[in-house]
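*Asks:* Below, each chain spelled out in residue letters.
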Amino acid sequence: MNQRAPIEEQIDLPFVESLRISFQSLKIRFGRSIITTAGITLGIAFLVSVWTNNEIGIALQESGRQSTINTFEETTEKGISTKDIWLIVMSLIVCVVGIANSMLMAVTERFREIGTMKCLGALDGFVVRLFLLESGFQGFSGALIGALLGTLGAVLLGLKDYGLDLFFYFPLLPSRPEDGPMQLGVIVVILLGCVLGMILAVIGSSFPAWRAAKLPPAEAMRTEV
Amino acid sequence: MPDIVVKTEDVVKEYRMGSNVLRALDGINIEIERGEYISLMGPSGSGKSTLFNMIGALDQPTEGQVYIDSQNMSHLSQRQIAAFRCHRVGYIFQSYNLLPVRSAHGNVTLPMIFAGIPEKQRNEKAEELLARVGLGDRMYHLPDELSGGQRQRVAIARALANDPSIILADEPTANLDTITGREIIDLIKQLNNEQGVTVISATHDLKMLDVSDRIVDIRDGLVERIRNRDEIEIEVGEVGGE
Ligand SMILES: Nc1ncnc2c1ncn2[C@@H]1O[C@H](COP(=O)(O)OP(=O)(O)O)[C@@H](O)[C@H]1O
Ligand SMILES: [Mg+2]
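Respectively, the protein sequence lines represent chains B and Y.
Every letter in the first sequence is one number past the one before it in the numbering used here, and letter 57, counting from 1, is 57.
Positions in the second sequence are counted from 1; adding 1000 to them yields the numbering used here.
Simulated from the structure, these hints should not be mistaken for laboratory data.
Some hints could be false.
Taking CB as the label site, the calculated pair distances span [what the hints assert, rightly or not]:
hint, chain 1, residue 1, chain 2, residue 2, range
1, Y, ASP1230, B, LEU104, 54 to 64 Å
2, Y, GLY1035, B, PRO216, 22 to 32 Å
3, B, ILE199, Y, ASN1029, 51 to 61 Å
4, B, GLU8, Y, GLY1035, 15 to 25 Å
5, Y, GLY1136, B, ILE34, 54 to 64 Å
6, B, GLU219, Y, GLY1035, 45 to 55 Å
7, Y, LEU1022, B, GLU109, 25 to 35 Å
8, Y, ASN1228, B, ILE35, 54 to 64 Å
9, B, PRO6, Y, ASN1029, 18 to 28 Å
10, B, ILE34, Y, GLU1145, 19 to 29 Å
11, B, LEU104, Y, GLU1033, 42 to 52 Å
12, B, GLN24, Y, GLN1121, 38 to 48 Å
In this text the structure is predicted, and so the values were computed from the model without any measurement.
Think of the CB as a built atom: it goes at the ideal place given N, C-alpha and C, for glycine as much as any other residue.
So that you can see chain B by itself, here it is in the shape it has in the complex:
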């Protein structure tokens, strides 16, 4: 207790400690973590199902098959209809807003915790890193489950529309037909969904966490949710 010594500089925590603290937090708050993660899952599932459904539609059109029920739908020759673009854009917006909202809620209800950690000696950077780790993990697992669920949904819809033909012409890999639009393929759509979910979750959580960490602890702790 060298009380009169000049005040030293706070040290950085080893990465393992941050990792342990963040997993502890996810584990104990399991119910709440699941709800936040479910928000990500839903957003990505919606986006991926619409997108994959579209990929399937194009692939089967290319192959000359027509949907048994979508025959009357106006398509722009070959390729994506404006309605499909509209749907994809809408699902993207729903996904972004949904995930940002669920992360923001999850951080806001922990402002007091952030203020308390700063009272105990946490650096701002530690607080941000904690939320980065937690949301990165939630984002990845939530988005992966969502992408798989979304694909499953699109496949079921495809089966209904095209029957077993679906599997002969399934657009698994990227392809570029001579006169058709570029197709990403379902695998790329799943990957993009995962990456997007994770990025949205990490930004949606770290940005409010960073703002809370910058606040003086007295203010962060005043926040009642």
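Use these hints to put chain Y with the ligands onto chain B, whose structure you have.
*Replies:* Structure of chain Y with the ligands alone, referenced to chain B:
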């Protein structure tokens, strides 16, 4: 020469809300000696918590200076302020402010994790501190599973984790019944006596009167008067039946 641990110089704190400015502290000058037990008394809204935040580096004054161990707090870097909060001060709050995801033990080890203390050492220290506050058999319970008095004991153990020279307590007994409150006060007083830790406590709990060395009465953001122990004892007699 007295050993001054906390000194405030014309500390002013204003809160801006839209076009309104609320002057919560209106020029506070106090000096606190090492080892003292000081109570900041005053009605609700008088500025006790605001002063508590200034002394504990939890917020910055609008004007004026705070010196702790002769260091001007406004001259410290972010890292120094974090280290100051980690090593020099133990905070105790009215609403306990335990981290809900960590057990009693986990709450007590956290400031030691921030201080870089090795795992084995901090685990032992946490067990020792929790035993000392009478929670030896509740160490691995989550805060939700503890009573108010027990939570405040965890907060006290946590405040002591890095051997601070100052304990800052903001209405530590306000959410507790009279008997539990008394126990918490006795515990804090015991630390003050045995370890010579300086205690600064905001309160309007009259039970705090007879353990305090001095009482600073705060009113409307100003120090109204400062009373010494011997001046208080007469008054305590009058409220003894509380
Ligand atoms: N963050 C804040 N923003 C605006 N006003 C505040 C804030 N904190 C405190 N106040 C006001 O400052 C005054 C003093 O408050 P406070 O220090 O909490 O009093 P006490 O702890 O003595 O009850 C009160 O009028 C309160 O409403
Ligand atoms: Mg108060």
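*Asks:* For each hint, tell me whether it holds in the structure or not.
*Replies:* Verification of the supplied hints:
| no. | hint | in the structure |
| --- | --- | --- |
| 1 | Y:ASP1230 - B:LEU104: 54 to 64 Å | holds, 55 Å |
| 2 | Y:GLY1035 - B:PRO216: 22 to 32 Å | holds, 28 Å |
| 3 | B:ILE199 - Y:ASN1029: 51 to 61 Å | holds, 52 Å |
| 4 | B:GLU8 - Y:GLY1035: 15 to 25 Å | holds, 23 Å |
| 5 | Y:GLY1136 - B:ILE34: 54 to 64 Å | violated, 34 Å |
| 6 | B:GLU219 - Y:GLY1035: 45 to 55 Å | violated, 31 Å |
| 7 | Y:LEU1022 - B:GLU109: 25 to 35 Å | holds, 27 Å |
| 8 | Y:ASN1228 - B:ILE35: 54 to 64 Å | holds, 55 Å |
| 9 | B:PRO6 - Y:ASN1029: 18 to 28 Å | holds, 24 Å |
| 10 | B:ILE34 - Y:GLU1145: 19 to 29 Å | holds, 21 Å |
| 11 | B:LEU104 - Y:GLU1033: 42 to 52 Å | holds, 47 Å |
| 12 | B:GLN24 - Y:GLN1121: 38 to 48 Å | violated, 20 Å |
Checked against the numbered hints given earlier, the structure breaks hints 5, 6 and 12 and satisfies all the rest.
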